[in-house]
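Colleague: By the UniProt record's numbering, the letter at position 29 of the sequence shown is numbered 29, and the numbering carries on one by one without gaps.
Keep in mind that a hint or two might mislead.
Unchecked claim - Only pairs whose alpha carbons sit at most 25 Å apart, straight line, appear in this in silico DSS-like list of lysine-lysine:
#	residue 1	residue 2
1	K101	K73
2	K94	K69
3	K69	K32
4	K70	K37
5	K61	K47
Unchecked claim - Taking CB as the label site, the calculated pair distances span:
#	residue 1	residue 2	range
6	Q108	R53	54 to 60 Å
7	I22	K61	19 to 25 Å
8	G63	P96	26 to 32 Å
9	K61	K16	26 to 32 Å
10	T40	P83	28 to 34 Å
11	A13	K104	56 to 62 Å
12	A46	T68	24 to 30 Å
13	L26	T93	31 to 37 Å
14	K61	S34	16 to 22 Å
15	E41	K107	49 to 55 Å
16	A115	K61	42 to 48 Å
17	T68	H21	22 to 28 Å
18	T93	R45	42 to 48 Å
19	I91	S34	30 to 36 Å
Just so you know, the hints here were simulated from the structure itself, not pulled from any lab data. Think of the CB as a built atom: it goes at the ideal place given N, C-alpha and C, for glycine as much as any other residue.
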Amino acid sequence: RLQTGMRGAYGKANGKVARVHIGSILMSIRCKTSNVKAATEALRRAKFKYPGRQKIFVSYKYGFTKYTKKQIKEYGEEGRLIPDGTFYRVIGTKGPLDRLKLFKDLKQLEREQAADE
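Take these sequences, add in the hints, and give me the full structure.
Modeller: Right, here's the structure in full:
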(Lines of atoms letter the chains of each structure in order from A and count residues from 1; the text may use other names and numbers.)
(Lines give C-alpha, C1' and ligand atoms only; values in the text may rest on other atoms or scores of the structure.)
Protein backbone atom coordinates (compact mmCIF):
# COMPACT_ATOMS: atom_id res chain seq x y z
CA ARG A 1 0.00 0.00 0.00
CA LEU A 2 1.37 3.44 -1.01
CA GLN A 3 1.53 5.99 1.76
CA THR A 4 0.44 9.50 0.77
CA GLY A 5 1.98 11.50 3.63
CA MET A 6 4.83 13.43 1.95
CA ARG A 7 4.05 12.59 -1.66
CA GLY A 8 4.56 15.60 -3.96
CA ALA A 9 5.97 17.70 -1.13
CA TYR A 10 9.24 18.77 -2.76
CA GLY A 11 10.91 18.99 -6.14
CA LYS A 12 8.04 18.56 -8.56
CA ALA A 13 5.91 21.19 -10.22
CA ASN A 14 2.32 20.97 -9.09
CA GLY A 15 0.92 23.11 -11.90
CA LYS A 16 1.49 26.25 -13.94
CA VAL A 17 0.51 29.69 -12.78
CA ALA A 18 0.94 33.22 -14.07
CA ARG A 19 2.98 35.37 -11.73
CA VAL A 20 1.45 38.82 -11.60
CA HIS A 21 2.21 41.83 -9.46
CA ILE A 22 -0.28 43.64 -7.29
CA GLY A 23 -2.11 46.24 -9.35
CA SER A 24 -1.36 44.72 -12.77
CA ILE A 25 -4.14 44.62 -15.34
CA LEU A 26 -5.38 41.06 -15.83
CA MET A 27 -8.06 41.72 -18.44
CA SER A 28 -9.28 44.65 -20.49
CA ILE A 29 -12.16 45.10 -22.90
CA ARG A 30 -12.48 47.80 -25.54
CA CYS A 31 -16.08 48.59 -26.40
CA LYS A 32 -18.42 51.41 -27.37
CA THR A 33 -19.71 53.63 -24.59
CA SER A 34 -23.20 52.23 -25.15
CA ASN A 35 -21.93 48.73 -24.24
CA VAL A 36 -20.04 49.63 -21.06
CA LYS A 37 -22.71 48.17 -18.81
CA ALA A 38 -22.60 44.77 -20.57
CA ALA A 39 -18.79 44.72 -20.57
CA THR A 40 -18.68 45.53 -16.86
CA GLU A 41 -21.09 42.69 -16.14
CA ALA A 42 -19.00 40.30 -18.26
CA LEU A 43 -15.87 41.20 -16.31
CA ARG A 44 -17.75 40.89 -13.01
CA ARG A 45 -18.73 37.34 -13.90
CA ALA A 46 -15.23 36.50 -15.16
CA LYS A 47 -13.53 37.65 -11.96
CA PHE A 48 -15.07 34.73 -10.05
CA LYS A 49 -12.91 32.37 -12.13
CA TYR A 50 -9.73 33.84 -10.62
CA PRO A 51 -8.55 33.56 -7.03
CA GLY A 52 -8.11 36.71 -4.99
CA ARG A 53 -9.86 40.04 -5.22
CA GLN A 54 -10.20 41.81 -8.55
CA LYS A 55 -11.42 45.32 -9.15
CA ILE A 56 -13.37 46.45 -12.19
CA PHE A 57 -13.32 50.04 -13.38
CA VAL A 58 -13.99 51.96 -16.56
CA SER A 59 -10.83 53.57 -17.87
CA TYR A 60 -10.66 57.17 -19.00
CA LYS A 61 -8.03 56.24 -21.61
CA TYR A 62 -8.85 56.02 -25.32
CA GLY A 63 -8.92 52.38 -26.49
CA PHE A 64 -5.80 50.51 -25.39
CA THR A 65 -3.61 53.62 -25.59
CA LYS A 66 -1.97 55.65 -22.86
CA TYR A 67 -3.78 58.83 -23.97
CA THR A 68 -7.10 60.24 -22.76
CA LYS A 69 -9.96 61.04 -25.14
CA LYS A 70 -9.30 64.75 -24.65
CA GLN A 71 -5.61 64.33 -25.58
CA ILE A 72 -6.49 62.35 -28.72
CA LYS A 73 -8.90 65.09 -29.80
CA GLU A 74 -6.23 67.78 -29.23
CA TYR A 75 -3.56 65.83 -31.12
CA GLY A 76 -5.97 65.29 -34.01
CA GLU A 77 -6.69 69.03 -34.25
CA GLU A 78 -2.96 69.80 -34.12
CA GLY A 79 -2.27 67.23 -36.86
CA ARG A 80 0.08 65.20 -34.65
CA LEU A 81 -1.51 61.77 -35.30
CA ILE A 82 -0.02 59.37 -37.86
CA PRO A 83 -1.98 56.20 -38.83
CA ASP A 84 -0.12 53.16 -37.47
CA GLY A 85 -1.84 49.78 -37.71
CA THR A 86 -5.02 49.66 -35.67
CA PHE A 87 -4.46 53.07 -34.12
CA TYR A 88 -2.28 56.17 -34.48
CA ARG A 89 1.18 57.24 -33.47
CA VAL A 90 1.53 60.64 -31.84
CA ILE A 91 4.27 62.87 -33.22
CA GLY A 92 6.44 64.22 -30.41
CA THR A 93 7.51 67.81 -29.95
CA LYS A 94 11.18 67.09 -30.66
CA GLY A 95 12.80 66.59 -34.05
CA PRO A 96 12.45 68.35 -37.41
CA LEU A 97 9.76 71.02 -37.46
CA ASP A 98 8.75 70.29 -41.08
CA ARG A 99 6.59 67.36 -40.02
CA LEU A 100 4.33 69.41 -37.73
CA LYS A 101 1.06 70.73 -39.18
CA LEU A 102 1.62 74.19 -37.69
CA PHE A 103 4.84 74.67 -39.64
CA LYS A 104 3.36 73.17 -42.82
CA ASP A 105 0.59 75.79 -42.60
CA LEU A 106 3.16 78.55 -42.06
CA LYS A 107 5.16 77.43 -45.10
CA GLN A 108 1.98 77.36 -47.19
CA LEU A 109 1.14 80.89 -46.00
CA GLU A 110 4.65 82.09 -46.90
CA ARG A 111 4.33 80.57 -50.39
CA GLU A 112 0.98 82.29 -50.93
CA GLN A 113 2.40 85.64 -49.79
CA ALA A 114 5.42 85.21 -52.08
CA ALA A 115 3.11 84.39 -55.01
CA ASP A 116 1.02 87.53 -54.33
CA GLU A 117 4.08 89.79 -54.47
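Colleague: Each hint: holds or not?
Modeller: Outcome of the hint check:
{"no.": "1", "hint": "K101 to K73", "in the structure": "holds (15 Å)"}
{"no.": "2", "hint": "K94 to K69", "in the structure": "holds (23 Å)"}
{"no.": "3", "hint": "K69 to K32", "in the structure": "holds (13 Å)"}
{"no.": "4", "hint": "K70 to K37", "in the structure": "holds (22 Å)"}
{"no.": "5", "hint": "K61 to K47", "in the structure": "holds (22 Å)"}
{"no.": "6", "hint": "Q108 to R53: 54 to 60 Å", "in the structure": "holds (57 Å)"}
{"no.": "7", "hint": "I22 to K61: 19 to 25 Å", "in the structure": "holds (20 Å)"}
{"no.": "8", "hint": "G63 to P96: 26 to 32 Å", "in the structure": "holds (28 Å)"}
{"no.": "9", "hint": "K61 to K16: 26 to 32 Å", "in the structure": "holds (31 Å)"}
{"no.": "10", "hint": "T40 to P83: 28 to 34 Å", "in the structure": "holds (30 Å)"}
{"no.": "11", "hint": "A13 to K104: 56 to 62 Å", "in the structure": "holds (59 Å)"}
{"no.": "12", "hint": "A46 to T68: 24 to 30 Å", "in the structure": "holds (26 Å)"}
{"no.": "13", "hint": "L26 to T93: 31 to 37 Å", "in the structure": "holds (34 Å)"}
{"no.": "14", "hint": "K61 to S34: 16 to 22 Å", "in the structure": "holds (18 Å)"}
{"no.": "15", "hint": "E41 to K107: 49 to 55 Å", "in the structure": "holds (52 Å)"}
{"no.": "16", "hint": "A115 to K61: 42 to 48 Å", "in the structure": "holds (45 Å)"}
{"no.": "17", "hint": "T68 to H21: 22 to 28 Å", "in the structure": "holds (24 Å)"}
{"no.": "18", "hint": "T93 to R45: 42 to 48 Å", "in the structure": "holds (44 Å)"}
{"no.": "19", "hint": "I91 to S34: 30 to 36 Å", "in the structure": "holds (31 Å)"}
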